[in-house]
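What follows is the residue order along each chain.
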Amino acid sequence: MHLACILMAGICTHIQSSEAAVKQPITKELWLKVMGVETQPWSGWVAPPLLPDWHGRADAAAGEISDALATHDMKLVLFAPKFCFMQETHKLFSSNIEKADAKEVDALIEGWQDVRMKGLQKCYMEYMYIYHTYAKDNQHIGVAIDDYQGDVDIKMELYKQLLFPEMKDQDFLDAQLIPEMKKIIDMNHSH
Amino acid sequence: MMRSVKIGLFLLFCGFFVPISAQADEDIVPEWHEIWVGAWEDIQQADTTDELREKIKQCYRHEMERIYQENTSTRADDHQHMRKTILSSVRLKSCYVEDLYYEDKIEFLQMKKPFMRDPYTAAIPTFLGTPVRTRLLLYRSLLFPSLKEQYYVVHEVYQAALE
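Going down the list, the protein sequences come from chains A and B. Letter 97 of the first sequence, counting from 1, is numbered 97 in this note's numbering, and no numbers are missing. Every number in this note's numbering is 191 more than the matching position in the second sequence, counting from 1.
Excised from the complex, chain A in its bound form (with noise of 0.2 Å):
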């Protein structure tokens, strides 16, 4: 009975190798191949409520259309939020994570987070913005950024319950949004 039971711890370690060679979870350099610039954080990403402390935000988002429309070139002004989607995505898992000690990481990680989803809610409102003031009529131009091109209104749609999953931050985008960050695109351009 005892050699049964070697016999079947045997079995177990046997079965249990075999089915780890067949499913080897992903490395991180796989990861980090397949993905590029999309590696994020460990756990699920929850997006900071906009209100009541919008203003920052709004400010950032539009300081940056402002830029653009300096330039006076409409190409650049369609550009910005997907450039700036892409500086964001592209901010790597920082070393100062791997080496903080294990008390740290997740305060650092909390961190990192709310600052990087903040940092994708400000492009989330560029895009709005631009979409709808500028890219809508000027198509010819924004068929060239794939950001404006087939389905927007799905993108938009998506990302907004991702970005902004409290209902009245929904409510404030589609109501309020525009108009407030017209306002403030409007001041800096007089000043």
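Simulated from the structure, these hints should not be mistaken for laboratory data. Ideal placement from N, C-alpha and C gives every residue a C-beta, glycine not left out. One or more of the hints may lead you astray.
[To be verified] Pair ranges (Cβ atoms, derived):
1. 151(A) to 232(B): 28 to 34 Å
2. 191(A) to 275(B): 41 to 47 Å
3. 260(B) to 114(A): 34 to 40 Å
4. 278(B) to 191(A): 38 to 44 Å
5. 190(A) to 264(B): 37 to 43 Å
6. 257(B) to 136(A): 24 to 30 Å
[Said to hold, decoys possible] Below, simulated BS3-like cross-link-like pairs (lysine-lysine); rule was C-alpha separation at most 25 Å, straight line:
7. 118(A) to 168(A)
8. 168(A) to 275(B)
9. 275(B) to 160(A)
10. 136(A) to 339(B)
11. 182(A) to 118(A)
12. 160(A) to 182(A)
13. 118(A) to 275(B)
Given chain A, work out where chain B should sit, using these hints.
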């Protein structure tokens, strides 16, 4: 006697492990089987990558239209309901899997023939030398919220696209 015990235990063992391994996928990504079957059907029906691109667009479009039709009211509760429908849509997750498969496939094709100039060539934008997949990243973060799920989905799709 010992032999029959061993065989008996072995069979008991198989009975125990097979369901566990079959269930493992579903544990990592709920409804993975259904998601994958839906995606694979579209992938197999497309003869070219262009056709697949079109199928992916239709997939998102049809599913979002269905979700919108189900949630026509403007009441706040219904907005919440629509969000839940989006997050739990198996079809939308299938669309994503096709989408990621397409991008992986295109990338492999480009690696094989970097100067190819035909319908397969889809310039993947790069930023500081690495491919940018903002849309894929954001969709995935929405549809597969845990990193464990994301690892799994990325790995499965990557392997499928390699073949």
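Each hint tested on the structure:
1. Taking the beta carbon of each, residue 151(A) and residue 232(B) are about 21 Å apart, not inside 28 to 34 Å as hinted.
2. Checked against the hint of 41 to 47 Å, the pair residue 191(A) and residue 275(B) passes, with Cβ atoms roughly 44 Å apart.
3. Between residue 260(B) and residue 114(A) the C-beta distance comes to about 36 Å, which sits within the given range of 34 to 40 Å.
4. Between residue 278(B) and residue 191(A) the beta carbons are some 43 Å apart, a value that agrees with the proposed interval 38 to 44 Å.
5. For residue 190(A) and residue 264(B), the hinted distance range of 37 to 43 Å is satisfied, since their beta carbons lie about 41 Å from each other.
6. The hinted window of 24 to 30 Å between residue 257(B) and residue 136(A) holds, with their beta carbons roughly 25 Å apart.
7. Simply put, residue 118(A) and residue 168(A) have alpha-carbon atoms about 17 Å apart, close enough for the 25 Å limit, and the pair holds.
8. A distance of roughly 16 Å separates the Cα atoms of residue 168(A) and residue 275(B); the hinted pair therefore holds under the 25 Å criterion.
9. Annotation: proposed proximity of residue 275(B) to residue 160(A) holds, straight-line Cα distance about 13 Å (limit 25 Å).
10. At roughly 38 Å between alpha-carbon atoms, residue 136(A) and residue 339(B) are farther apart than 25 Å, so this suggested pair is violated.
11. A distance of roughly 20 Å separates the Cα atoms of residue 182(A) and residue 118(A); the hinted pair therefore holds under the 25 Å criterion.
12. A threshold of 25 Å between alpha carbons decides the hint, and for residue 160(A) with residue 182(A) the separation of about 20 Å falls inside it, so the pair holds.
13. Taking the CA atoms of residue 118(A) and residue 275(B), the gap is about 23 Å. The hint holds against a cut of 25 Å.
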